[in-house]
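Colleague: Sequence:
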Amino acid sequence: MSDKKIITRFAPSPTGFLHVGGVRTAIFSWLWAQKNNGVFILRIEDTDKKREVQGSIEHILVSLKWLGIDWNEGPDIGGLHGPFKQSERLDTYKKYANLLVEKGLAYTDPYSPEELQAFRKKAEEEKRPFLYRNHRPENPPKWEYKQDGARPLRLKTTAKKYKWRDLVRGDLEAGEEAVDDFVLIKSDGYPTYNFAHVVDDMLMEVTHIFRADEFISSTPNYLALYEALGIDRPEFVTLPPILGETGMKKLGKRDGAKDILDYQKDGYLPEAMFNFLAFIGWNPGEGDNREVMSKQEIVESFDLKHIQRAGAKFNEEKLNWLNKEHIKKLPKKELESNIFSFIPSKYEKYRDSKFVPILSERISKWSDIKEILDSGDFDFFFKAPIYEKSKLIFRNTSVERIKNNLQLAKKALENLDKNNFSVSEIKNALMLMADNLESRGELLHPVRFALSGRDKSPDPFTIASILGKDETISRLQKAI
RNA sequence: GGCCCUGUCGUCUAAUGGUUAGGACAACGGGUUUUCAAUCCGUUAACCGGGGUUCGACUCCCCGCAGGGUCACCA
0 MSDKKIITRF APSPTGFLHV GGVRTAIFSW LWAQKNNGVF ILRIEDTDKK
50 REVQGSIEHI LVSLKWLGID WNEGPDIGGL HGPFKQSERL DTYKKYANLL
100 VEKGLAYTDP YSPEELQAFR KKAEEEKRPF LYRNHRPENP PKWEYKQDGA
150 RPLRLKTTAK KYKWRDLVRG DLEAGEEAVD DFVLIKSDGY PTYNFAHVVD
200 DMLMEVTHIF RADEFISSTP NYLALYEALG IDRPEFVTLP PILGETGMKK
250 LGKRDGAKDI LDYQKDGYLP EAMFNFLAFI GWNPGEGDNR EVMSKQEIVE
300 SFDLKHIQRA GAKFNEEKLN WLNKEHIKKL PKKELESNIF SFIPSKYEKY
350 RDSKFVPILS ERISKWSDIK EILDSGDFDF FFKAPIYEKS KLIFRNTSVE
400 RIKNNLQLAK KALENLDKNN FSVSEIKNAL MLMADNLESR GELLHPVRFA
450 LSGRDKSPDP FTIASILGKD ETISRLQKAI
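Counting from 1, position 184 in the first sequence corresponds to residue 183 in numbering that gives the first Met the number 0; the numbering is continuous, with no gaps.
If you are wondering where the hints come from, they were derived from the structure by calculation, not from laboratory data. Some hints could be false.
Each pair of labels, with its calculated beta carbon distance range [stated by the list, open to error]: (1) E57 <-> K353: 32 to 42 Å; (2) E124 <-> E213: 20 to 30 Å; (3) P140 <-> K160: 28 to 38 Å; (4) V298 <-> T157: 41 to 51 Å; (5) K84 <-> S186: 36 to 46 Å; (6) S366 <-> F129: 45 to 55 Å; (7) A383 <-> E51: 50 to 60 Å; (8) N427 <-> S366: 19 to 29 Å; (9) E213 <-> K353: 46 to 56 Å; (10) R308 <-> G174: 17 to 27 Å; (11) F129 <-> T157: 12 to 22 Å; (12) G169 <-> S366: 20 to 30 Å; (13) E316 <-> D90: 46 to 56 Å.
C-beta: ideal position from N, C-alpha, C; glycine also.
Can you make the complete structure from the sequences, with help from the hints?
Modeller: As structure tokens, this is what we get:
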């Protein structure tokens, strides 16, 4: 590789939200730029006025920022290679379109949409690929650029095989059926993606193009355009598809490709999301078994060599696990403030440091907190439990004995300092008692049940500590 | 149908001719001072098939098979 500055880009179209596939592409491009001290450009491909969705540019910027993906040049901050919205670059496309017309490499499409459709239908019926160049007009009208109602402009291609190198897939080639006279400028005066991205990547000096593998089949067309414009090819880095969890098909909106910001709402950590997405189609390889990695560690380890070729299924279970791992790494303060902010206001009473440990070990994402509290499993902390006598009994210990054991426990706890009613103090006191008995369970189980009134709950020491000395003693007395 | 891509445990993957095919998630079993959770330990589980090349193939070649992509005035 030369000492040329590495420049990558992410070029979404503002047609809605960013889903995991798009973000993954952004992450890989970003990583490669970071890794090489290069430049990462954000470009908005708003050439399809019909599909454009209001507000989606802002939404995209917010999504990337949430994940900690920043750009050196982009629509909001400008930069050397601007403007960064294709709708603001129409003169540029027009200029290069004219250049191709002058060279005799582009021509006007004289057909109506209906005529085209008929050609296409015929090809399909004959089970042949549709090739526009089979219908190339003899004497096309002179091309006229108009904002609207013009004739489309097409590239005049040569039917030939193309070969190229992909940094992930290796040497690729395609038959001449893969090349066709595609549209450069649409009848509304806007360029197509196929034309605009090639011109822009050239002018923005992009060195590496990261994109998903559905673009492999159109690469010969791009190669034809590079030739026509007389420019060098950039490097191609093809990413494997992300597949839906159910099938083999590419993850689309239908089978759950969510807005990446939905994961923020669900309470996933951006670092975990980044980590997870970076590992869809990449890993550090070479016996490096790390999976829980910080963004910085990923940047340092990132390479093109270990980008996968085969598609990978989106596995939410693993995402949950990974998110939990990242939660565990959070500093105490940050853990607490996150948990507090995800406790719904009607459960405000639970916004207390005492609840942080028992909540944090039971969740894999912040939104699980609401589920736990909604389930009522923790209600007993603020509501006196109602006992079902049979559940107080431990195995086949007699009622008398249980009562006696509860008395013992109560006595042990009464001796503790009210102001130092900590988990470890309580544990010491109760264990001392329990160890004198036949089994620890015959003391610990009734105590836990007396405090919680539930089959399942955190351990008795933790509950007692949260309830405080007075409430603990009172519940024990009630149970007795 | 043409062109093209892909193929290791259920899932994500390591391995670049020589390993008892390794790790992680999930599942299952057990331990950890009673239950849940957490944690620790362990178990089950894979090279798509068939031919070659080679002393030796998950790794290289060929032929199949299966899955996917693409054939837009969408990106």
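Colleague: Taking 12 to 22 Å as the hint, is the beta-carbon distance of F129 and T157 inside that range?
Modeller: Cβ of F129 to Cβ of T157: about 18 Å, so the range 12 to 22 Å holds.
Colleague: When you take the CB atoms of N427 and S366, is the distance between them in 19 to 29 Å?
Modeller: 37 Å, violated
Colleague: Taking 20 to 30 Å as the stated bounds, is the beta-carbon spacing between G169 and S366 within them?
Modeller: 43 Å, violated
Colleague: Indicate whether the distance between the beta carbons of K84 and S186 respects the range 36 to 46 Å.
Modeller: 21 Å, violated
Colleague: When you take the CB atoms of P140 and K160, is the distance between them in 28 to 38 Å?
Modeller: 32 Å, holds
Colleague: Should the hint that E124 and E213 are 20 to 30 Å apart at their CB atoms be regarded as holding?
Modeller: 25 Å, holds
Colleague: Determine whether the Cβ-Cβ distance between S366 and F129 falls within the hinted range of 45 to 55 Å.
Modeller: 47 Å, holds
Colleague: Look at the Cβ atoms of R308 and G174 and judge whether their distance stays inside 17 to 27 Å.
Modeller: 21 Å, holds
Colleague: Lying within 32 to 42 Å: is that true of the beta-carbon distance E57 to K353?
Modeller: For E57 and K353 the Cβ distance comes to about 40 Å; the hint holds.
Colleague: Do V298 and T157 keep their Cβ atoms within the hinted range of 41 to 51 Å?
Modeller: Hint holds: Cβ distance 42 Å, inside 41 to 51 Å.
Colleague: Is 50 to 60 Å respected by the C-beta to C-beta distance linking A383 and E51?
Modeller: The hinted range 50 to 60 Å holds for A383 and E51, with Cβ atoms some 59 Å apart.
Colleague: Note whether the CB distance of E213 and K353 lies within 46 to 56 Å or breaks it.
Modeller: 52 Å, holds
In summary, the numbered hints that this structure violates are 5, 8, 12.
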